[in-house]
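**Student:** Chain by chain, the residues run as shown.
Number of protein chains: 2
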Amino acid sequence: MKSKATFYHAGCPVCISAEQNIAQALDPSRYELSIIHLGEFKDKIAEAKAQGVQSVPALILDNQPFHINFGAALSDLA
Amino acid sequence: MKSKATFYHAGCPVCISAEQNIAQALDPSRYELSIIHLGEFKDKIAEAKAQGVQSVPALILDNQPFHINFGAALSDLA
Chain A
21 MKSKATFYHA GCPVCISAEQ NIAQALDPSR YELSIIHLGE FKDKIAEAKA QGVQSVPALI
81 LDNQPFHINF GAALSDLA
Chain B
21 MKSKATFYHA GCPVCISAEQ NIAQALDPSR YELSIIHLGE FKDKIAEAKA QGVQSVPALI
81 LDNQPFHINF GAALSDLA
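Chains A and B are the protein sequences, given in the same order. Sequential numbering from 21 applies to the first sequence in the numbering used here. Sequential numbering from 21 applies to the second sequence in the numbering used here.
Treat the hints with caution; some may be incorrect.
Treat identical chains as interchangeable: a pair holds within one or across any two.
[Claimed, not checked] List time: in silico DMTMM-like cross-link candidates among lysine to aspartate or glutamate, alpha-carbon distance up to 20 Å: (1) Lys22 - Asp82; (2) Lys62 - Asp82; (3) Lys64 - Asp96; (4) Lys24 - Glu39; (5) Lys69 - Asp47; (6) Lys69 - Asp82; (7) Lys69 - Asp96; (8) Lys62 - Asp96; (9) Lys22 - Asp47; (10) Lys24 - Glu67; (11) Lys24 - Asp47.
No lab work stands behind these hints, which were simulated from the structure alone. Owing to the predicted nature of the structure, the values given are computational and were not obtained by experimental measurement.
Same shape as in the complex, but just chain A (with noise of 0.2 Å):
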């Protein structure tokens, strides 16, 4: 069974970035992948909050967070 992989971003350049480079290089084989855009599904930020998100862009592993580099606080995104 794959892990779940979730990629959170708000769509700013430093995500972008992000996005296209480390999340799309994750091996397909092991992780199923999801991207979510907050500043497009705020209502998705209390979600990446509860998983311990503080800042885009974000990646969810196996349910631990790693914030990646720094786009924006969460808080900006409200």
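On the provided structure of chain A, position chain B as indicated by the hints.
**Tutor:** Structure of chain B alone, referenced to chain A:
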């Protein structure tokens, strides 16, 4: 031909966690991964800096640096 991926770390818990998750989640059919411990190989710090690394853990994908969470500033390792 595989792309080159380099993961720089310094052995701290934040680094180890990022390595075991993000670095090992990369698609091995597309990326050839090098893992470099800058605490043990201080002569590699200049090389990391030249690639834009400012803190560890960091991942270089296709010559672009991504800083993941924050373990230590490069200046603290020299």
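**Student:** Now tell me, hint by hint, if it's right for this structure.
**Tutor:** Hints, one by one, checked against the model:
1. Lys22 - Asp82: within (10 Å within a copy, 26 Å between copies)
2. Lys62 - Asp82: neither (23 Å within a copy, 32 Å between copies)
3. Lys64 - Asp96: within (14 Å within a copy, 37 Å between copies)
4. Lys24 - Glu39: both (16 Å within a copy, 17 Å between copies)
5. Lys69 - Asp47: Cα proximity of Lys69 and Asp47: none, with 25 Å in one copy and 28 Å across.
6. Lys69 - Asp82: within (16 Å within a copy, 30 Å between copies)
7. Lys69 - Asp96: Within one copy only: 13 Å inside a chain, 31 Å across chains, cut-off 20 Å.
8. Lys62 - Asp96: For Lys62 and Asp96, only the intra-copy Cα distance (11 Å) is at most 20 Å; the inter-copy one is 38 Å.
9. Lys22 - Asp47: both (10 Å within a copy, 14 Å between copies)
10. Lys24 - Glu67: Close inside one copy (15 Å), not across copies (34 Å); limit 20 Å.
11. Lys24 - Asp47: both (11 Å within a copy, 15 Å between copies)
Hint check: violations occur at hints 2 and 5; the rest are consistent with the structure.
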